[in-house]
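Peer 1: When you get a sec, could you build the whole thing from the sequences and use the hints?
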Amino acid sequence: MAEPLLQTCALTKSFGAIHAVQNVTIDFMPGEIHAIIGPNGAGKTTLINLLSGDLEPTAGEIMFRGVDITRSPVDRVSQMGIGRSYQKTNLFTDFTCLENCWLGAQSRLSSSFRFFRNALDYDEVRERAFRALELCGLTHRRHVAAGTISHGEQRQLEIGMMLATEPGLLLLDEPLAGMGTNEAAEIIKLLKMLSKDHTLILIEHDMDAVFAIADVLTVIVNGRVLETGTPHEIHNSATVREAYLGAPEEAI
Amino acid sequence: MTHSKPLVFLLLLGVFGLAAFPFAGSEFYTELAVRLMILGIFAMSLDLLIGYTGLVSFGHAAFFGLAGYVLAIITPESAPVSIWFALLACLAASALAALAIGWICVRTSGVYFIMITLAFAQMLYYFFNENTALGSSDGIFIYHKPTVNIGSFQLLDLDNAHTFYYFTLASLVLVYLLLSTFLKAPFGRVIRGIKANEARTMALGFNTRRYKLVSFIISGTLAGFAGFLEATFSGFVSPAHLGWHESGLILMTVILGGIGTLYGPVLGAFAMGLMEDSFQDMTDHWLLLMGVFVIAVVLFLPNGIAGLGARGAKLLSGVFRPSGGGTNPPAAKNKIPGEEP
Amino acid sequence: MRKRVYFFTVRAGLRLPAFRDKRSLAPALLPGPLCSLSSGYFLLPMDFTTFLIQVLNGVQYGFMLFLVASGLTLIFGIMGIINLAHGAFYMIGAYLVYWLMGITDNLFVSITAAIAIMLVIGLAIERFAISFLYHRDHLHQVLLTYGLILIFNEMQKILWGSDFYSVRVPEILSGSVRLTETLVYPHYRLFISFMCMLVAAGMYFVIGRTKLGMIIRAGASNREMTRALGINIGWNFALVFSLGAALAGFAGMIGAPVSSVYPGMGNQILIISFVVIVIGGIGSVKGAFVGAMLIGLADTFGQVLFPEFAAMIVYLLMAFVLMWRPQGLFGKPA
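Chains as they are written, first to last, in the working numbering: chain A, 14 to 265; chain B, 14 to 354; chain C, 6 to 339.
Fair warning: there could be bad hints in the mix.
Said to hold, decoys possible - So, partial list: chain B residues that the calculated Cβ filter (under 8 Å) puts toward chain C:
#1 Ser95
#2 Arg120
#3 Met128
#4 Met136
#5 Phe140
#6 Glu143
#7 Leu147
#8 Val161
#9 Leu264
#10 His298
These aren't lab readings, by the way, just hints derived from the structure by calculation.
For clarity, every value in this text was computed on a predicted model and none was experimentally measured.
Every residue, glycine too, gets a C-beta built ideally from N, C-alpha and C.
Peer 2: Laid out in structure tokens, this is it:
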């Protein structure tokens, strides 16, 4: 069996007396779409924040490709090839869509402490930025300020920016939130395509979508892992049904 | 920092105007113009921080004054020093000071940054103010302008008023070109990203603290260059050069001109200088008028002179623009056109 | 040595409990052991009484800094305003007392009247200038309040000129406590500390026990939420601002007899207050108190032990605190 790409070991995050994430141990295998589901407030976003370096864990370990990244700051984590998109749209609203992706693409230069050559003359950056724009379907909007495009498009751009950094592992925090049906379908298609050569970790409340695309599901309740398994296993798990799916419409 | 054609034209016109000025203006106004150009360099250096990196420094005069003091210290009473040596010493000193101060300051942000830059500048102020060997609060004279020689050949004679004028003008243009090159380069992209959304820039993989520090050092070094010119020109430096009034006025100059434009702060320097000049003619209590003026600018002209120009241009171009893409001024200001592959 | 201290006070103007009241203070401050200290024997221990005097001076300075800094930090914590003109209130307070003393010849009456005037001034400034700034960024706040400073300083020059003025210590407090044969400590300085302590205790009560205090605490811990609850509107801000102005003014008033009254006195206190609240954590009143005491003591002892570097010590202290905790001692992490 292959080595896990990302492993968490007894990961814990407490805010004062509140234990948002407790003792979470998960292996994320390369090439999988691994969805994390759970009711609101279960600690899913906190977990993503720990993985991406936005938060520092209280205890536990995170290993990425065999390297300990537990205390690495968010920029280091990104440099190592973990990209993330935010649940709350987090863009450079005054920049055009292209400029948003450009900055992401530029972070793959060995360093941006380059002062004299025009940024536009870096062809590799341009290629990456345009590829990302194309992937997220915003090529036609590239010269429009990110703050003025529709909410759905902003969600797309959020993913595009992450893709521009060419990560091997994608952390997606509710990529479908606030999208219309058509836009969501587009994104699901994109995620499926990305999963061919990327590993995806995904938080999503849209259960139909999750069960449609995920290879593995982890259910988190009250900061603890309840169960991990294939969609089929999860669907038929009595524990999960009781704790989560059974609760009528709670998460949706 | 891609310039539209009319802007390039206007900037060139401005440079030619300045180049022709010594032939038209009186000696007094030529001297004033030198001062204002130096102030313009100083203001541009601060614009890199405020307008492009999003760091509001209220202690920028520290580097300006420090370079002046370094020149005073290395210039003996009996003979001039070489400009190569002097420049190296002044710029290195301001760069080092910016490194040390910036190293602490960039750990903070927002109001902390404002207050700490102010506090450190005051620390230097008191250092010079109480240093009797350096003339304490009276300041210190610099008896000779540096020589500009290559070998034994005299390249420029800075004692000649016209030569110094053109030397300053060339410096102004050079600093402008240098900064706009930096801003077009990958480095410029990153610091603008930091200004717009630092957390996101970090999440994209940039160690933002390091970029802020480098921006702070570049800015401090260029402020030191302005300070070097000022000290050379006036032959005098005093603690007031690094006091907080100087920092406040330069901040005001940048706002008045329009932040995030580079040429705006130069316009601001000229507007400010002329304002100061006419206020001083009016009354002894010109600072009172200055205070009223500062408040009026903040309340009625928050985007500065350049913003005023941009608004005018927008009114004109808005007619032809189909998309509602730029209803808010910042969006237009940060737009970087011309990225078609 | 005596001349040196005088020089510091006037030139730097930095030290609040300025040792200019030579009649009562010079002997207290410059006893034999200290003179030899300053002539190079840095490590010579101070005798206990001298140490005590320095502690008293430091605490008294700290208290006065707290009065100024607490207003500054509250105004930022609750209103989100960085007010550079806060130091000017300190100066205005001092000049008001000087002016009123000429009329009433009674320090207590003068201070009472001056506080009333300060409240009005604070209110007026909040309404006519600061209230335009609530939704502007810090850059604009800094500039507008900087403009206010220029105006205040120039008004002061127009009204009172550039001279130094002294304010007489009231008869009843003009005595000194005799500590040893050669060392005395003036009653008035004890009075300052006492009054400041009263005010601090009053603040503690107001912040901890009253409705205004609740708003203040809520605002300091979460400004956005307080706003969202609709608490910001109008008078609460105006009230906090004018109380802050009165606090700073009060520090200037009560300090006037020891520090004297001179142009630019507000600027120095402002910058030291910045250092205080940066060390304590912006928005935290507790932080302002601890910061003020730290700075008060560090400055007082620094001046005695390392006179050459005295003016820089507080800034170095700030640098060290920030390297350790960038958000200040009691500030919330960013």
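Peer 1: Confirm or reject each hint.
Peer 2: Status of the hints after comparison with the structure:
Here the hint on Ser95/B is broken, as its CB sits about 32 Å from the closest CB of chain C, past 8 Å. Here the hint on Arg120/B is kept, as its CB sits about 4 Å from the closest CB of chain C, short of 8 Å. Checking Met128/B against chain C by beta carbon gives a least distance of about 4 Å; that is within 8 Å, so the hint holds. Satisfaction of the interface hint for Met136/B is found here, the shortest Cβ-Cβ separation to chain C being roughly 4 Å, below the 8 Å cut-off.
The closest approach between the C-beta of Phe140/B and any C-beta of chain C is roughly 6 Å, which is under the 8 Å cut-off, so the hint is satisfied. Among the interface hints, the one on Glu143/B holds; its C-beta lies about 6 Å from the nearest C-beta in chain C, closer than the 8 Å criterion. Taking 8 Å as the C-beta contact cut-off toward chain C, the hint placing Leu147/B at the interface is violated, the least distance being around 13 Å. At about 36 Å, the closest approach between the beta carbon of Val161/B and any beta carbon in chain C exceeds 8 Å, and the interface hint on this residue is violated.
The restraint placing Leu264/B at the interface with chain C holds, with a minimum CB-CB distance near 6 Å, inside the 8 Å limit. Given hint, His298/B at the interface with chain C, holds; its Cβ is 5 Å from that chain's nearest Cβ, closer than 8 Å.
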